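Q: Residue numbers (our numbering), protein chains in the order written: chain A, 12 to 499; chain B, 34 to 369.
Just so you know, the hints here were simulated from the structure itself, not pulled from any lab data. Some clues are possibly wrong.
What the hints assert, rightly or not - Residues from chain B that face chain A, not an exhaustive set, calculated with beta carbons under 7 Å:
1. Phe-42
2. Leu-54
3. Ala-57
4. Thr-133
5. Ala-154
6. Leu-157
As the list claims (entries may be wrong) - Selected chain B positions facing chain A (Cβ under 7 Å, derived; list incomplete):
7. Leu-130
8. Thr-239
9. Trp-240
10. His-243
Note that the structure is predicted; figures quoted are calculated from it, not measured. All C-beta atoms in this analysis are idealised placements derived from N, C-alpha and C, irrespective of residue type, glycine included.
Read off the chains here:
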Amino acid sequence: MAEAVRGGTAGDAGASAPRVGEVVELLEISRAWLVDPVAGREGPGEIVVRDGLLEAVTWLEGAEAEGIAPDGVVVAPGFVDLHVHLREPGNEDAETVASGLAAAAHGGFTTVCAMANTTPAADEPGVFARVRGAAAASGSPVELLLHGAVTVGRGGERLAALGELADAGAVGFSDDGSSVKSPLILRNVLLYAGMLGVPVVEHAEDAVMTTGAEANEGYVASVLGLKGWPVAAEVMAVERAIAVLATVLPDAPGARLHLTHLSTAGALDAVRRAKAAGLPVTCDVTPHHLGLTDEWVAGARRWAWEALGDDGAARDPWADGALVAHPYSTACRVNPPLRGAEDAAAVLAALRDGTADAVATDHAPHTQVDKEAEFGLAANGISGLETALGVLLAAVGARQLTLGRAVEALTTGPSRVLGDRGGHIGARGLTEGAAADLVVFDAGAAWTVTADALASRGANTPLLGRELPGRVLLTIAAGRLAYRDPEA
Amino acid sequence: MSEPTTEHFWHHRHVLDVDVLSAADIGLVMKTTDAMKEILARPITKVPALRGRNVTIIFYEASTRTRVSFEVAAKNLSADVVNIAASASSVSKGESLVDTIRTIEALGAHMIVMRHGTSGAPYLAAEVFSGSVLNGGDGWHAHPTQALLDLYTMRAHLGDLRGKKVVILGDVLHSRVARSNVWTLTAMGADLWICGPTPILRGFDTWAAHWANGRGPVGHDGFTVTSDMDAALKDADVVMALRLQRERMDAGILPSLREYAARFGLTRERLTAARPDALVMHPGPMNEGVEIAADVAVLDRSVITEQVSNGVAVRMALLYLLAGVHGDDAEGSIGG
């Protein structure tokens, strides 16, 4: 482990090494780069964790601060993921609650919000109880929050047990995997969830327009002969949801709409306008939609910002020698699809300007069987919990994003979306006296994404084999050890 | 095109798409096809080149002409041919493509010729198969042997295609033939025009725009997409009509076959805008009276049946070239 970190880890004198789930009795981190998005401050500093509490946060100045930079060891509040699929119950061969929480901890996340599209769907509190039982049994201190379904079985017709789910702690209602099918149901759930004070989390996709769709509609899909997945399908669904929200607000002033995994300039513009108009709308974007583009489907493996020409238009991977991998890798198949470089740039811009409130991974592990298929028949989804930080740090390294904004988007941003339903840690600062809930990573240390390196059962990521910046050294959730780099 | 001046060796283990073929590779295919044509002109058209090799032909889509063409090609080279008529239903029965390919390999196949309804499927096959995969058409994506036989046929009549105006007419959106022809024809320096009603050109205008302004593959000389039939056909050297599927009407993409035939059908009258000796081509099967008038299909300058016979020679050439690539000669990559 980096020299800055002392105590609380194996082999270090003066403290016993806690195991995952145990309270961290003593941990001192000296000479690190601290990021506190609540205080709006980052810089050289030191922290002390004692008996699970963040005992001291010391900011260093002058000579003491010399040589401490944000490209070394960084301490930040634990990350929050608004959107993960843990596959339990029903698809435990793809992921379990235990493996998903381990993946979260490895990615620096201390709170994750699981989507309701399990089998059976989380449309009544009994499913919550089962998932929570699995979380407790896992011994992981990572906090698992739960979204409930909007409709029974996510079938789009009858409302799920919304009130009971809210009583059981649902942090949002979502039929994620698809949009709420009918605008009437969307209106009704916004009214009812508004009464309950729970946001509706909408997967924005016009399913008619995306029937049979395989890859982002555009140059790459045209060349590869893949059925186009139109940008308009997302824009329309976002505009529909915003229009419906505006009409329910007089009756349900508590109604809130959160749009998840937005991937297009048009959708983000719609959110930007809605926010400017004062509507209670929030949204998140994924690491893969800001860092990767549709040319990955063709076999390119460069970052989105490298795929954009000086003229602001996407470069041509066939013309400039960027195709280095096999085309049609099903690891690149995801919903919404990887977009063009212009849209990816718009996603990054929305993250910078605050239109996007949060980065969420849409962690979607799949079995090899479900991915080892023809591109058009393979399951949609990317396993993302463990690579999110790396993709964001790559953007930071390329000066596309500041470290501070990246950390905000993983902490205070999602925490604000959750509001007071956001679990026991709250605001996500480095607050003295509070339970230690933080991640320590070495921004200067790279690691290679391999199936073995991933704690998730889903190795379905196009980043497999790639070196990413930002090795997570330690994740502490609610004062307990969630992850420790075994090699540190 | 520039013919290879020095001897050029084939180094592709698979033929999955034509986009990775260099001008020299294409030249070698043409030269080898010449040799196969000679064989086909003999009284006995069988040579022992692939004796002892097992070529398994697996078609997930119904096709007679292409499947038979491959079969004849392989048998002319004395390969042992196994034919599998797979159906999409085997997918729903839970047998994955990967399982099928492994089974075919275990049964002794050295080469697989595959037709599949899903774009990119041959790449998956190539990933798990230790021999060579020859793409017999995948989804909307690629139909390498068709593009190469089209090219061979054009060159037989026109020689060097540099600057020659080649028009592809019709439903390119859903056409693997069109996509593969874009690559081969632009690589040969043809002045490529694509023409049809806008809804079934979708994406190709973006493609052409991408390749404008000095972008795109080296050597390409014009790639124009238009709905203006007159502009497209004017002084054309080659006009290739594509089949219009009835399902385009069912899907609400186009109004009617009648309207299509009236506006975009290749008729004698329209053809007068092209050069007097312009070649008429069609990859088949034709809808006579829809995309091509019956009397156009049988004109002297129609080379549609010649395409079919050249198809056997081109497929023989590719099977022969692939059979010569193994071990250290082969580029390991799927793209290779």
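Q: None of the hints should be skipped; say for each whether it holds.
A: Results for each hint:
1. Phe-42: For Phe-42 of chain B, the interface hint is violated, since the closest Cβ of chain A sits about 22 Å away, which is over 7 Å.
2. Leu-54: The hint is violated - Leu-54 of chain B has no Cβ within 7 Å of chain A, the shortest such distance being about 13 Å.
3. Ala-57: violated, 18 Å
4. Thr-133: Since the shortest Cβ distance to chain A is 11 Å, the answer is violated.
5. Ala-154: holds, 4 Å
6. Leu-157: Check passed: Cβ of Leu-157 of chain B comes within 6 Å of chain A, closer than 7 Å.
7. Leu-130: Constraint on Leu-130 of chain B satisfied, holds at 6 Å.
8. Thr-239: Where the cut-off is 7 Å and the nearest Cβ of chain A is about 5 Å from Thr-239 of chain B, the hint holds.
9. Trp-240: holds, 5 Å
10. His-243: His-243 of chain B check passes; min Cβ-Cβ to chain A is 5 Å, inside 7 Å.
Figure legend: structure checked against the earlier numbered hints; hints not met, in rising order: 1, 2, 3, 4.
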